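**Q** The primary structure of each chain is shown beneath.
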Amino acid sequence: MWKFLLPFAAFVALVVLFALGLNPNRDIHALPSPLIGKPAPEFALTDVMDASKVVSNATLKGQVYVLNVWGTWCVACRQEHEALLEIAQQHVVPIIGLDYMDERDKAKQWLTQLGNPYNAVAFDTDGRTAIDWGVYGAPETYLVDGKGRVIFKFISPMTADVWQHEFLPRITAARRSGA
Amino acid sequence: MTAPHARIWPVGIALLLAALSAFAQTDAARSLDANGQLQDPGLQLRFENITKELRCLVCQNESIADSNVELASDLRRQVREMLIAGQSDDAIFKFMTDRYGEFVRFGPPLEAKTLLIWGAPFIALLLGAIIIYRVARNRSRMPLDE
Chain A
1 MWKFLLPFAA
11 FVALVVLFAL
21 GLNPNRDIHA
31 LPSPLIGKPA
41 PEFALTDVMD
51 ASKVVSNATL
61 KGQVYVLNVW
71 GTWCVACRQE
81 HEALLEIAQQ
91 HVVPIIGLDY
101 MDERDKAKQW
111 LTQLGNPYNA
121 VAFDTDGRTA
131 IDWGVYGAPE
141 TYLVDGKGRV
151 IFKFISPMTA
161 DVWQHEFLPR
171 ITAARRSGA
Chain B
1 MTAPHARIWP
11 VGIALLLAAL
21 SAFAQTDAAR
31 SLDANGQLQD
41 PGLQLRFENI
51 TKELRCLVCQ
61 NESIADSNVE
71 LASDLRRQVR
81 EMLIAGQSDD
91 AIFKFMTDRY
101 GEFVRFGPPL
111 EAKTLLIWGA
121 PFIALLLGAI
131 IIYRVARNRS
141 RMPLDE
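Protein chains in written order, with the numbering used here: chain A, 1 to 179; chain B, 1 to 146.
Don't read these hints as lab results, they were simulated from the structure. The structure presented is a predicted model; accordingly, all values stated were derived computationally and were not measured. Each residue gets a CB set at the ideal place from its N, CA and C atoms; glycine is no exception. Errors might be hidden in some of the hints.
What the hints assert, rightly or not - Simulated restraints on C-beta separations:
1) A:R78 x B:D98: 45 to 55 Å
2) A:F8 x B:E48: 27 to 37 Å
3) A:R78 x B:D74: 19 to 29 Å
Claimed, not checked - Computed list of lysine-lysine pairs in DSSO-like fashion (alpha-carbon distance at most 30 Å, straight line):
4) A:K3 x A:K53
5) A:K38 x A:K147
6) A:K147 x A:K61
7) A:K38 x B:K94
8) B:K113 x B:K52
9) B:K113 x B:K94
10) A:K147 x B:K52
11) B:K94 x A:K61
12) A:K108 x A:K61
13) B:K113 x A:K38
14) B:K52 x A:K38
Given these sequences and hints, build the entire structure.
**A** Structural data, given as structure tokens:
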């Protein structure tokens, strides 16, 4: 009895393991953020468009907002740009940009030529804010609730579909729960 | 003649502060030698051990000590600054795992959820021992001649 049952159980276990491990929808490089449910790290950086202005998320307390990490060197950011412009048109939440490992002039040019979906763009000169947020690439998009907690992190180019299915329901839920 | 003095005072203080901060900067710079190594050999050794134990999240199989990507160099700077500031190894690892998760460490800590990872080699060893024992016992029962 055991002679047949044991190999069979091992076989089933392997099938389950492979089904989970080889799932094509799973991004093996996407890492869960330890920031989820924790207070969003605060930052006060210069505005990419105007170095004399300060962009800080402290002024956004009480509001649900999106933080999108990008850079002109990032090909996938160019790819998601159209989607961000469309999302910005809906005026659901403020979208704050974090320009990461970039040059100010290039970033300005990018925003003037392609359009600016951001309410404000913070210029992370030395990557310290990115480290605080656990950024390890771009684009990365974070959702922060009204209590100032990070509630979601999306690693990959933003699309209308992702916005519809991953972000909007969470924004509605956060607002309904008063957060 | 009091008014000009009153105006000069803040300038003097500002100059003094500027000089002090310049000193502070050279002091921080002094803790690195020409090769960019920490001058204190003890700190440099800790720096090397910590950066070897931290994963570069861009390349994922390289440590931040080996990786050339910008994030790795930013994280090395962070480790260096924390060492100079006198922080413990544990505090530095906590700083990293708070931001990047346990995955940033090559060696996972021994806790309830990592028990399977640490226990797997022993489980495999035990399974092997059981198999060898059973095979040996079955063979010893076999008749010696065919």
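**Q** Next pair to validate is K147 of chain A with K52 of chain B; report whether the Cα-Cα distance is within 30 Å.
**A** This hinted pair is violated, its Cα atoms lying about 37 Å apart.
**Q** Just to be careful, I want the Cα atoms of K108 of chain A and K61 of chain A compared with a cutoff of 30 Å; is the pair within it?
**A** holds (27 Å)
**Q** Checking one constraint from the list: CA of K113 of chain B to CA of K94 of chain B, max 30 Å. Satisfied?
**A** holds (18 Å)
**Q** Indicate whether the distance between the beta carbons of R78 of chain A and D98 of chain B respects the range 45 to 55 Å.
**A** violated (32 Å)
**Q** Please verify whether K52 of chain B and K38 of chain A have alpha carbons no more than 30 Å apart.
**A** holds (28 Å)
**Q** Would you mind confirming whether the straight-line C-alpha gap from K94 of chain B to K61 of chain A stays at or under 30 Å?
**A** holds (27 Å)
**Q** Keeping to a limit of 30 Å between CA atoms, is the pair of K147 of chain A and K61 of chain A held or broken?
**A** holds (7 Å)
**Q** 27 to 37 Å was suggested as the range; check whether the CB atoms of F8 of chain A and E48 of chain B agree with it.
**A** For F8 of chain A and E48 of chain B the Cβ distance comes to about 50 Å; the hint is violated.
**Q** Between R78 of chain A and D74 of chain B, does the C-beta distance stay in 19 to 29 Å?
**A** Given a distance of about 23 Å, which is inside 19 to 29 Å, the answer is holds.
**Q** Next pair to validate is K3 of chain A with K53 of chain A; report whether the Cα-Cα distance is within 30 Å.
**A** violated (74 Å)
**Q** Hinted pair, alpha-carbon criterion (30 Å max): K38 of chain A, K147 of chain A. Please report holds or violated.
**A** holds (10 Å)
**Q** Under the criterion that the straight-line Cα-Cα distance not exceed 30 Å, is the pair K113 of chain B, K52 of chain B satisfied?
**A** This hinted pair holds, its Cα atoms lying about 24 Å apart.
The structure is inconsistent with the numbered hints 1, 2, 4, 10, although it conforms to all the rest.
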